[in-house]
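Chemist: If you want the building blocks of each chain, they are given just below.
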Amino acid sequence: MDEQSAQKSSHDKALAFREQSDEEVFVAFRDGDPVAYRVLIERYHDDLLRFLTRLVGDRAAAEDLFQETFLQVHLSADTFDEARRFRPWLFTIAANKGRDLLRKRKRRRTVELSAPIRGSDRGSSMVDLLEVDVPSPDAQMDLAERDSLVQQALEDLGPALREVLLLGYFQRLSYQQIAEDLGIPLGTVKSRMHAAVAAFARSWQRVSRESVDAE
Amino acid sequence: MHDEMFESDDRINELGSSLSESDKRAIDALFEDGVDADETRATRVEALMSLLSSPVNEERERDTRIAIAQLATRREHALTPTSAGAVDRYIEGETGSSSADERHTFMAEMVTGGAPYDSASRETLIERTLGAIQREIDVSEKRHIMDTPITPSGRFRLADLVSMAAMILIAASVVIPVMGGMRSRELKSICNNNLAGVAQGFGLYTGANRDTLPVATAGFGGSWMDVGTTPDRSNSSNLFVLVRNDYASLQDLACPTNPNALVDGDVHAMTDWRSLDEISYSYRVMADGGLKATSVDQPDRVVLLADRSPVVLRIVAGQPVRPEENTPNHDSRGQHILGLDGASMWTVTPRLGQGDNLWLPRTVEQFIYEARDQLGIIKGNEAPSGPTDAFVAP
Numbered sequence: 001m002d003e004q005s006a007q008k009s010s011h012d013k014a015l016a017f018r019e020q021s022d023e024e025v026f027v028a029f030r031d032g033d034p035v036a037y038r039v040l041i042e043r044y045h046d047d048l049l050r051f052l053t054r055l056v057g058d059r060a061a062a063e064d065l066f067q068e069t070f071l072q073v074h075l076s077a078d079t080f081d082e083a084r085r086f087r088p089w090l091f092t093i094a095a096n097k098g099r100d101l102l103r104k105r106k107r108r109r110t111v112e113l114s115a116p117i118r119g120s121d122r123g124s125s126m127v128d129l130l131e132v133d134v135p136s137p138d139a140q141m142d143l144a145e146r147d148s149l150v151q152q153a154l155e156d157l158g159p160a161l162r163e164v165l166l167l168g169y170f171q172r173l174s175y176q177q178i179a180e181d182l183g184i185p186l187g188t189v190k191s192r193m194h195a196a197v198a199a200f201a202r203s204w205q206r207v208s209r210e211s212v213d214a215e
Numbered sequence: 001m002h003d004e005m006f007e008s009d010d011r012i013n014e015l016g017s018s019l020s021e022s023d024k025r026a027i028d029a030l031f032e033d034g035v036d037a038d039e040t041r042a043t044r045v046e047a048l049m050s051l052l053s054s055p056v057n058e059e060r061e062r063d064t065r066i067a068i069a070q071l072a073t074r075r076e077h078a079l080t081p082t083s084a085g086a087v088d089r090y091i092e093g094e095t096g097s098s099s100a101d102e103r104h105t106f107m108a109e110m111v112t113g114g115a116p117y118d119s120a121s122r123e124t125l126i127e128r129t130l131g132a133i134q135r136e137i138d139v140s141e142k143r144h145i146m147d148t149p150i151t152p153s154g155r156f157r158l159a160d161l162v163s164m165a166a167m168i169l170i171a172a173s174v175v176i177p178v179m180g181g182m183r184s185r186e187l188k189s190i191c192n193n194n195l196a197g198v199a200q201g202f203g204l205y206t207g208a209n210r211d212t213l214p215v216a217t218a219g220f221g222g223s224w225m226d227v228g229t230t231p232d233r234s235n236s237s238n239l240f241v242l243v244r245n246d247y248a249s250l251q252d253l254a255c256p257t258n259p260n261a262l263v264d265g266d267v268h269a270m271t272d273w274r275s276l277d278e279i280s281y282s283y284r285v286m287a288d289g290g291l292k293a294t295s296v297d298q299p300d301r302v303v304l305l306a307d308r309s310p311v312v313l314r315i316v317a318g319q320p321v322r323p324e325e326n327t328p329n330h331d332s333r334g335q336h337i338l339g340l341d342g343a344s345m346w347t348v349t350p351r352l353g354q355g356d357n358l359w360l361p362r363t364v365e366q367f368i369y370e371a372r373d374q375l376g377i378i379k380g381n382e383a384p385s386g387p388t389d390a391f392v393a394p
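Quick mapping for you: the protein sequence lines, in order, are chains A and B.
Heads up: the first sequence is residues 1 to 215, going by the working numbering.
Heads up: the second sequence is residues 1 to 394, going by the working numbering.
It is worth saying that the hints were derived from the structure and are not from the lab.
The beta carbon of each residue, even a glycine, is placed where N, CA and C say it ideally should be.
Treat the hints with care, as some may be off.
Pulled from the structure, derived: some chain B residues nowhere near chain A, Cβ distances all over 10 Å [claimed, not checked]:
#1 Thr-80
#2 Ser-83
#3 Ser-223
#4 Asp-288
Distance ranges between label pairs, derived from CB positions [stated by the list, open to error]:
#5 A/Arg-59 - B/Glu-109: 17 to 23 Å
#6 B/Thr-124 - A/Gln-177: 33 to 39 Å
#7 B/Pro-116 - A/Glu-19: 43 to 49 Å
Working from the sequences, and respecting the hints, build out all of it.
Modeler: This is how it looks when you write it as structure tokens:
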């Protein structure tokens with residue numbers, strides 16, 4: 001096969017894969033089809049890179065983790081259960097990689113155990129999302145500015161709540177599936193997600209107000 | 001969502017062994033129902049936890065402080081029932097139409113969305129990722145070749161073993177030289193594959209760095225052969241830039257014929273190989289300011305990388321230089337050379353076209369043959385005369 005017809009064949013294959021589910025494409029990759037892996041990496045580029053950037057706080061580290069995640073997916077390909085979904089598996093691997101990095105960073109810093117937890121405010125009331133100043137979808141807020149504020153708000157959450165929130169949003173699993181995956185009660189999963197959303201809403205409120213005040 | 005992140009829950013469980021059953025239930029309820037627990041109960045648990053604090057036991061005091069802080073944080077981050085319902089519907093993939101649903105959906109989209117990525121950086125990351133995976137595949141294939149046992153396995157009777165031993169003894173004199181040749185060709189092929197991987201790394205690196213070849217430092221501070229010191233005194237630290245930035249792996253830059261080659265390490269925390277014997281390939285020495293790949297007219301005539309230089313090894317060992325000597329890799333039979341055009345070749349002599357010696361800059365070549373038995377003929381601060389002067393080190 002000459003180079004031109006090889007390229008055409010790859011292109012046709014990539015087009016065919018675009019119609020297939022993640023799991024079908026992954027199985028094709030596992031069976032040795034390199035075009036399939038490119039399709040999966042392209043498919044998840046935006047979501048996974050965004051997830052990792054939000055989790056670890058900087059783009060360069062997120063890109064390294066993106067590579068490591070797909071490398072790990074390749075190395076662990078044989079352990080993937082075809083009866084399960086690819087997306088949650090991918091994000092779990094990515095979260096593990098992100099957590100390792102955050103732990104390494106933490107080890108490098110001296111943590112003052114007696115320091116109060118950020119944002120801790122005794123006697124505060126429950127968070128009502130309707131009272132949080134979230135810009136309306138059609139508001140002309142600069143995307144880059146909003147990105148940066150979202151990142152700041154997430155960083156204020158601390159790693160545990162941040163991971164809960166991001167996996168809850170990105171992994172697209174039901175509470176029941178999360179509870180089964182982690183082997184913890186359904187109520188605990190819910191309360192953690194509620195706590196994470198409430199913490200983020202409060203944190204967002206603070207950073208967005210500070211941003212308005214600074215203007 | 002990972003249980004490990006909530007290690008303070010476990011700490012509380014440990015502390016719980018000192019509590020009454022009713023207090024334990026209060027703590028369990030607080031963590032199982034989390035933020036829905038009422039204020040009075042949370043305050044009561046906090047008070048109980050603080051009683052566990054003892055001035056004579058710092059560890060316990062610290063645990064208690066962590067537990068209380070965690071309690072306070074979990075209690076603080078609570079949602080109203082309407083908001084919690086909106087979050088639950090979103091996670092369960094149900095469509096809600098209340099204002100709380102709309103508000104929460106938009107908040108979730110703020111977190112999961114953002115400014116679009118530009119196509120060039122997108123493509124670069126995808127290529128880098130595919131490159132990393134391909135390198136891993138190459139390495140595992142190499143490992144497979146090297147690990148494949150050549151002896152048969154299975155169970156034998158003593159008589160079988162004796163006759164097999166006799167056959168092996170007879171066959172060994174014939175087979176071993178043949179196997180040696182095969183092994184040597186196999187190792188040469190692995191080394192050549194290494195260079196193909198590194199060539200790809202060079203291509204990606206220059207593409208992402210304005211066509212400039214990897215350099216770790218603006219110039220050398222008097223030497224380029226002090227491997228493992230500082231980047232301004234070691235040419236190999238320039239090559240290490242590829243590894244440190246994931247354009248090539250340590251395995252790619254480890255020739256299987258170098259017994260001391262470094263194949264594993266925390267490359268992001270390193271700037272160079274630790275010593276000369278860990279290095280398998282010598283990299284082009286560049287004048288201050290580095291070299292732009294696109295500034296060269298004849299890239300096929302520019303040597304980027306070669307099996308390690310024997311000259312520098314001799315100089316460091318305090319021995320006279322033998323410029324016509326091949327690399328110690330591959331039993332000194334010859335060396336691979338990687339050109340700037342990405343092509344690699346095998347040569348049985350370090351003298352290239354027009355007599356250019358791979359291990360020496362042209363200025364030194366002019367008189368080295370007369371002065372070959374002098375010690376210290378290379379000082380470690382020499383540079384090539386121009387792009388086409390082949391000169392690699394260490």
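Chemist: Each hint should be assessed against the structure and marked as holding or not.
Modeler: For each hint, the structure was consulted:
Non-interface status of B/Thr-80 relative to chain A is broken: a Cβ of that chain comes within 10 Å, the nearest being about 4 Å off. Its beta-carbon lying about 4 Å from the closest one in chain A, B/Ser-83 breaks the requirement of being farther than 10 Å from that chain. At roughly 31 Å from the closest C-beta of chain A, the C-beta of B/Ser-223 stays outside 10 Å, upholding its exclusion from the interface. With a minimum CB-CB distance of about 27 Å to chain A, B/Asp-288 clears the 10 Å threshold, and the non-interface call stands.
For the pair A/Arg-59 and B/Glu-109, the beta carbons lie near 20 Å from each other, so the given range of 17 to 23 Å is met. Checked against the hint of 33 to 39 Å, the pair B/Thr-124 and A/Gln-177 passes, with Cβ atoms roughly 35 Å apart. About 24 Å separates the C-beta atoms of B/Pro-116 and A/Glu-19, a value inconsistent with the hinted range of 43 to 49 Å.
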